[in-house]
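> Single-letter residue listing:
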Amino acid sequence: MYAYIARRLITTLPVMLLVALIVFFMLRLAPGDPAALVAGDEATTEQLELIRQSMGLDKPIYIQFMIWLGNLVRGDLGVSFLSGTSVYDMIKGRISPTLIICAATISVSILVAVPLGIIAAWRQGGWTDRGVMAFSVLGFSVPNFIIGYVLIYFVSLKLGWLPVQGYKPPSAGLVPFLKSITLPVLVLSTVYVALIARITRSSVIEVMGEDFIRTARAKGLREHLVFLRHGLRNAAIPIITIIGIGVAALIGGVVVTESVFNLPGLGRLVVEAVLARDFPVVQGLILLFSFTYIIINLVVDILYTVFDPRIRY
Amino acid sequence: MNDVAKPVLSVQRLSVATSGPVPKTLVNDLSFDIRPGETLCVVGESGSGKSVTSLAIMGLLNHSGLELAEGEIWLEDDKVSHASQAQLRSMRARRMAMIFQEPMTALNPVETIGEQIDEVLRIHTDLGRSKRRQRVLEMLASVHMPEPERIIDAYPHQISGGQRQRVVICMALILQPRLLIADEPTTALDVTTQKQILSLIRELQQQHNTAVLFITHDFGVVAEIADNIVVMNKGEMVEIGSREQILARPEQAYTRMLVSSVPSLVPPQPRACHEELTVLQVRALKKVYREKKILGKARVIPAAKDISLKIRAREVVGIVGESGSGKSTVARCISRLLRPDEGDVLIDGANVAHIVGEELRGFRRKLQIVFQDPYRSLNPRMRIRDSITEGLRNYGVPAREGMERARELLTMVGLDETALDRYPHQFSGGQRQRICIARALALEPRLLIADEAVSALDVSVQAQILELLADIRDRTGVAVLFITHDLRVAAQICDKVIVMQRGEIVEQGPVADVLASPEHEYTRALIESAPGRHWDFKNFRPVHAGQIS
Amino acid sequence: MTTESASVRTQILATIKTWPVITALVILGVIVLLAILAPWLSPFDPTAINPASRLRPPSADHWLGTDAMGRDAYSRALYGARISLVVGLGVTICSIAIGIFLGLMAGFFRTADAIIMRLMDGLMAIPGILLAIALVSLIGASLYTVLIAIMVPEIPRVVRLVRSVVLKVSNEPYIEAAISLGTRTPTLLWRHFIPNTIAPLTVQGTYIFAAAVLTEATLSFLGAGLPLDIPSWGNMMAQGRMYFQIKPYLVLFPGFFLAVTLLSVNILGDAFRDALDPRMVKRG
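Residue numbers (our numbering), protein chains in the order written: chain W, 1 to 313; chain H, 314 to 862; chain P, 863 to 1146.
In isolation and in its complexed conformation, chain W is listed as follows (with noise of 0.2 Å):
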């Protein structure tokens, strides 16, 4: 099993090498002097200089990529020049809204998604069945921005129930706190449910077609203890990898959530960053979604371990 976890924490560096790498290039495919679009348009010549020699513009470009990399390493990922606060200290202060929101998100969704997949197995072609499948097409398919314009005006203009927009950290009492956050939430589940609703679905209706649980019937075990005890523990793996995978659609979904429900995250940064060519700040938070990306997927595989003897030794 240590065997299998060195493996793959191996294998994960060079993926986080090869994005880091990805990103440094992106930089340099943008027309024009890398140092200005860095340095801004108000720059001085003087200020250019000296951010052209800090980023080793004169120097070969593996060196280039180095110090690069060796100030991402000790958390420099350089300045905002809309603001010029650090990117790092930039973070920091926006991070929490996103965090809470992802983490309320990913619970409710699991807590939901997978009793749902369940019951559609349980009683597979009836209409729970279809009725969660339908679920699970619209969506996939019906953008989450316009999932929240209809609940806004449903929910926030027609009924008045939750506040249309903003956002109130917990600090500012827990009720309001959960009102600002609830159609958010709602919204970046959609996605996130339709997708490991329909993969547990698939994975308990494959695993209840296998051999041992034939043999588990054969043995005289009740048919629902056949299910729990032989068939979930054995359709896990297919559902933790897409919860894993999933946090992509998830990360893609809190750009968007944010801006419409304005909440100061990372999402709205990212897109006001983009907008504004404040570039330092984009491929921070590039590099930041992106590790998390790859270290979600490596617990998730660590993760498999507890569930498949197969991989422990």
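Keep in mind that the hints were calculated from the coordinates and are not lab data.
Since this is a predicted model, take the numbers as computed values, not measurements.
The calculated BS3-like cross-link candidates involving lysine-lysine, where the alpha carbons are at most 30 Å apart (straight line), are: (1) H:K319 / H:K392; (2) P:K1109 / W:K168; (3) H:K679 / H:K618; (4) H:K679 / H:K599; (5) H:K851 / H:K508; (6) H:K337 / P:K879; (7) H:K547 / H:K508; (8) P:K1030 / H:K599; (9) W:K158 / W:K179; (10) P:K1030 / H:K679; (11) W:K179 / W:K92; (12) H:K392 / H:K547; (13) W:K179 / P:K1109; (14) H:K547 / H:K337; (15) P:K1030 / H:K610; (16) W:K158 / P:K1109.
Partner residues are not named here, just some residues of chain W that face chain P (Cβ under 10 Å, in silico): (17) F140; (18) I251; (19) V256.
Covered by chain W, per the in silico footprint, the following chain P stretches (three or more residues, Cβ under 8 Å): (20) 991-997; (21) 1101-1113.
Quick reminder that beta carbons are idealized off the backbone N, C-alpha and C, glycines included.
Dock chains H and P against chain W, hints included.
Okay, now just chains H and P, sitting in the frame of chain W:
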């Protein structure tokens, strides 16, 4: 045979059909009894309905979309066929138990062996934990499992296929049921393992006077273990009788056909003589597999070592071995689907062992292969005529000539011209194999390799294909290398046989000699494990002394 | 991998007959028709600014009302359909073409495999929207650049799919048979491998189409997509956002069209998948 005792299992006029709006009958009007201590074999080819019968007895039909249309099933004094789910559950494992075909997938991969066997006791008894553990250990010992203390905490993937089947037998017999249903339990196992499992079942049966319903397609197994036999065909009961009656004096034409098709260890009368010209010569062939590992040392596994053999024109040479013997590796090295690490492979005198590129391609005409799985050997999206003429097209034969040749070939393999425009899925396994043979012969090869070419076929179809191969050998003079795990099949078609074990040749010689007086102990073990080796099926009688050892 | 039917066509035709699929096809057909005939069907020039009739509700003249600059929403919606379809088709075709090439390389050549797949892993580790946004911000916003920005995150999935088809088909005995019959590698590719990729690529193609349309709309909605003068559904929603509380239909109408289009494409994709190769294609 116990005339006085009441039957443990009584199946009366059983009919099973698919559920749903348009029911299809899978079993029709089946009746038989089994008494305590008796073994009844239900024999049939694929699609005969034999597995469905076992599901019906256990009450597991509705999970497969089937239902009992008519008839009754009695287990001693209980009417199983019309029992409630709760009653059925209490009877399973306690009074009737079942073991299935695939030991590799029959166990839950995420629970230990001990937990799974223990589960049977937890469902049906009130025993405490330590008592249960004791029972499990005893049962594991009684199936001759090595190191029961270690196995009890192991996971299924850590033990072999034969050991997993023993575990399944443990789960089935731990409560000493009156009836054991075994659905092809040894089909997926090596022949030597099969022998051990069959004798284990026999041993436990005698200890507890269990009635055994044994489902199989292999008449050899039937000849070894049956007291009574039921022959099924397409859901119908063709014939029922004692072992003597069915094997020596079958009445129905289908039964006669089925029994006489079974390959026995008695070689047939030798046919056409081989010629003197050597087509294939292999010298000191060697192939190893290197395991790739990121962490830890890479292992080097020799798949084939020091292999030397010779095949002459019009000769059929067989390589016989169990899984892991290296026979397939040798075949693939000879046909250059793999490149041998060392050694020479000479076809008509030219060494092809290490050639590459266009030279290799040029040689490929001379050697063709027929593979094991007829369902995967033909591109499902290509019409038959394109599959057969593929080789000809590759070497520049014009289309019209190619089609002519394709028609000839189809006739040679016994298929109609209309097959040309169809797709593979429209043909049965046996027909597909004929098409593959036609395809292989298109290039007029010097050597034909049949790599387990009949292993996936029903026994009657198998006999036909062997007949076809012998016929083709006579007509075209091609040399044949016949790879198989079944010594009985080799006995039927090969002139010379080579026995391989763990990558090495342990014995070779004319087939009659090797069977009558084997020199190596492994060969002896193979002969002794061949089920039904004392019966000459084709002639409906026991084998004469001196024909085999 | 067993296929019961012979050709891709017969298999598709079999699943077409269910009512969700027929509805989806009809809807898509209508949308395609509307998009093609947009120049003739729009009563107004979609870019014509008319400050006098700003923010009008739906009426007989303006079926879907007017936006903040007095432009007719219905005409813009029709042209928006064109953009969505062009983007969808463009991204799908380009990503499949590039993906087939890279996937074949990766499937056949061990060294190319290592390089290509690591690159794809890296690309897949960056969430698609982020990658697209970043690319647009770097190379500027025009129809072509947005196409490229949306295409790049989609390529890895196609590469993975083609590569796995190649690896799987390589293990099939009929490939070994073809090799034994003397088939050369390029012919092998053309005769045996490529036909086996058609079915899964058809399925994957529909999913890519939907993803491309969605990504374009999202990018435009965030303001990081097509330039504002090009009428796209995403742009319409972006510009209508500010007035959502008083004139919600400015956002909801284009949203509705988008949702219906995506729903239909996804239903079609699922139908293809069930018909052709249930095990090959996975979403996400």
